[in-house]
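Enquirer: Given chain G, work out where chain H should sit, using these hints.
Here is how the chains run, residue by residue.
Protein chains: 2
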Amino acid sequence: MSSILVVGSLAYDDVRTPVASRDGVLGGAASYFSMAASLYAPVRLVGVVGDDFKDGDIARLRDRGVDLGGLERRQGTSFRWKGTYDFALDTAETINTDLGVFGDWRPKIPSAFVDSEFVFLANIDPVIQLATLEQMRRPKVVALDTMNYWIDHSRDALLEVMAKVDVVSINEGEARQLCNTFKLAHAAREILALGPRVLVVKRGENGATLFTKEGAFWAPAYPLDETVDPTGAGDTFAGGFVGYIAECGGFEDPVSLRRAVLHGTVCASFAVERFSVDGIGAADRAAVDARYKALHDLIRV
Amino acid sequence: MSSILVVGSLAYDDVRTPVASRDGVLGGAASYFSMAASLYAPVRLVGVVGDDFKDGDIARLRDRGVDLGGLERRQGTSFRWKGTYDFALDTAETINTDLGVFGDWRPKIPSAFVDSEFVFLANIDPVIQLATLEQMRRPKVVALDTMNYWIDHSRDALLEVMAKVDVVSINEGEARQLCNTFKLAHAAREILALGPRVLVVKRGENGATLFTKEGAFWAPAYPLDETVDPTGAGDTFAGGFVGYIAECGGFEDPVSLRRAVLHGTVCASFAVERFSVDGIGAADRAAVDARYKALHDLIRV
Chain G
0 MSSILVVGSL
10 AYDDVRTPVA
20 SRDGVLGGAA
30 SYFSMAASLY
40 APVRLVGVVG
50 DDFKDGDIAR
60 LRDRGVDLGG
70 LERRQGTSFR
80 WKGTYDFALD
90 TAETINTDLG
100 VFGDWRPKIP
110 SAFVDSEFVF
120 LANIDPVIQL
130 ATLEQMRRPK
140 VVALDTMNYW
150 IDHSRDALLE
160 VMAKVDVVSI
170 NEGEARQLCN
180 TFKLAHAARE
190 ILALGPRVLV
200 VKRGENGATL
210 FTKEGAFWAP
220 AYPLDETVDP
230 TGAGDTFAGG
240 FVGYIAECGG
250 FEDPVSLRRA
260 VLHGTVCASF
270 AVERFSVDGI
280 GAADRAAVDA
290 RYKALHDLIR
300 V
Chain H
0 MSSILVVGSL
10 AYDDVRTPVA
20 SRDGVLGGAA
30 SYFSMAASLY
40 APVRLVGVVG
50 DDFKDGDIAR
60 LRDRGVDLGG
70 LERRQGTSFR
80 WKGTYDFALD
90 TAETINTDLG
100 VFGDWRPKIP
110 SAFVDSEFVF
120 LANIDPVIQL
130 ATLEQMRRPK
140 VVALDTMNYW
150 IDHSRDALLE
160 VMAKVDVVSI
170 NEGEARQLCN
180 TFKLAHAARE
190 ILALGPRVLV
200 VKRGENGATL
210 FTKEGAFWAP
220 AYPLDETVDP
230 TGAGDTFAGG
240 FVGYIAECGG
250 FEDPVSLRRA
260 VLHGTVCASF
270 AVERFSVDGI
280 GAADRAAVDA
290 RYKALHDLIR
300 V
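Residue numbers (numbering that gives the first Met the number 0), protein chains in the order written: chain G, 0 to 300; chain H, 0 to 300.
Keep in mind that the hints were calculated from the coordinates and are not lab data.
Be a bit skeptical, because a hint or two may be false.
A pair holds if it fits inside one copy or across any two, identical chains being indistinguishable in the list.
[To be verified] Under the rule of at most 35 Å between Cα atoms (straight-line distance), these lysine-lysine pairs were calculated in the DSBU-like manner: (1) K139 with K292; (2) K212 with K107; (3) K139 with K163; (4) K182 with K212; (5) K53 with K107; (6) K139 with K182; (7) K53 with K81; (8) K182 with K292; (9) K139 with K53; (10) K292 with K163; (11) K139 with K212; (12) K182 with K107; (13) K81 with K163; (14) K107 with K163; (15) K182 with K81; (16) K81 with K107; (17) K163 with K182.
Isolated chain G, as found in the complex:
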């Protein structure tokens, strides 16, 4: 079966919400992505952790079948992020970021991984995303995520790497920021004109919108009675999205892209129901498929 390579952060998060908090819980884009994508296809992880990283957290990924042959362990502390959410639960306010061993890390793709057909370049300096992509042999589908910081500070490199990937995954606010417009449809056209075949705009509790040159697909979020912790929702979405595409062997059939958005949506819904990767980690494929069916019922005419 097609393998998925993820390159990105593993972290310890300190998360504050108005009703509860957690300290030192497993986080990072690659963790969330892997826990979701591994429900669909074998996942290979390239990342770095410090000597404080707990064996139990390694075990959580390994138990999900994630191939950790690309996980470096270095002297120093793991990436640590501290953030807080207000009642709107829409955007995290970062209280502190300590990059630790992630700070000067340059991903090295193990030779056993360079043939991976599906690649997710999680949020990191786009210069590093480019250097990572160049190590791959001939991936079938490459997706990338980014954040507002790189739009501000590394715009040229970001545009360069966007031109080389198939799927760009980005928040609504970031899409607007990147294109300097409030008009999302304009921003989508501009981003697609850069080169990617697919743009996924994440809209938090308002769902996600898929843009291709052929048209758009608008999906709501999976309705939950309660969101506990939005951390990792976007990366978990990416895990379900790329995972489903890998399971399909690609997205030549346009319907598979729309279904992939729904799978991403469903995976994200599990993620935000609990702190850390506990929600998506507790979900199995049957649970995902049941929510997929419920979500599909909710939107079909």
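Expert: Positioned in the frame of chain G, the structure of chain H alone reads:
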């Protein structure tokens, strides 16, 4: 063809938005509703205006084929509402309300209208909604809209009239307020338990959700590059929704309810593109059907 009766306000609105303003423009729930519903079926209007009401505004409704046999003209001023929106454009802040002749008006359904099969009771004191409904012979589908004021001040009457209608149309915040919960699904179950077969929860630029005992349907708003004036979006939505149901002769087929939500969504999209009823007034059925198709393409999997 089945006739639609609307009972509600005609008003002059003074509207402020961050980028433009209009004074003394045609507004009121019955105006917005009629301009939309008349695209689907003959509309009969029951309302009241003052002697300041302009012939040109009467003509706009008549030109749309609206039967004004139930429009009273009284000495005094027409209902006047002044409201302002901030950049979020989500909720109007009312600056001033002058009920004028609408204040002590009690709708009297003309005998020629009492056989109307489809009825929309626009937002007004629920005691009056009840008294109006009792004048109808045997309507096939009755829908009602309400607002937060009546939830606070006339709750018992509101619950009583809700039990007697088929469709309740309400804002998301009002649904939560009515049921004293943040959990929309819980609120929906409670409202449906009161008696109506259908609940439509309007969610502004996030779309609308349909609830029935059989399940839910989640529709996004029609994506617009720019919203000019959200006034009347809910009533225009109701016009498209009830209009389509009247055109279908009812909603025995559950698919017709979902399609009705999309028609309501499309009509609302025209309404908010311009001030007053100018947007929905400029739309014809072909324009509505074209947007319906585009919206359907946007959500089908």
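Enquirer: Give a verdict on every hint.
Expert: Hints, verified against the model:
no. : hint           : in the structure
1   : K139 with K292 : both (28 Å within a copy, 33 Å between copies)
2   : K212 with K107 : within (34 Å within a copy, 55 Å between copies)
3   : K139 with K163 : within (12 Å within a copy, 58 Å between copies)
4   : K182 with K212 : within (17 Å within a copy, 37 Å between copies)
5   : K53 with K107  : within (22 Å within a copy, 75 Å between copies)
6   : K139 with K182 : within (31 Å within a copy, 42 Å between copies)
7   : K53 with K81   : within (18 Å within a copy, 61 Å between copies)
8   : K182 with K292 : both (32 Å within a copy, 21 Å between copies)
9   : K139 with K53  : within (34 Å within a copy, 65 Å between copies)
10  : K292 with K163 : both (34 Å within a copy, 33 Å between copies)
11  : K139 with K212 : within (19 Å within a copy, 45 Å between copies)
12  : K182 with K107 : neither (39 Å within a copy, 47 Å between copies)
13  : K81 with K163  : within (32 Å within a copy, 52 Å between copies)
14  : K107 with K163 : within (19 Å within a copy, 68 Å between copies)
15  : K182 with K81  : both (32 Å within a copy, 28 Å between copies)
16  : K81 with K107  : within (27 Å within a copy, 63 Å between copies)
17  : K163 with K182 : within (24 Å within a copy, 43 Å between copies)
When each numbered hint is compared with the structure, a violation occurs for hint 12 only.
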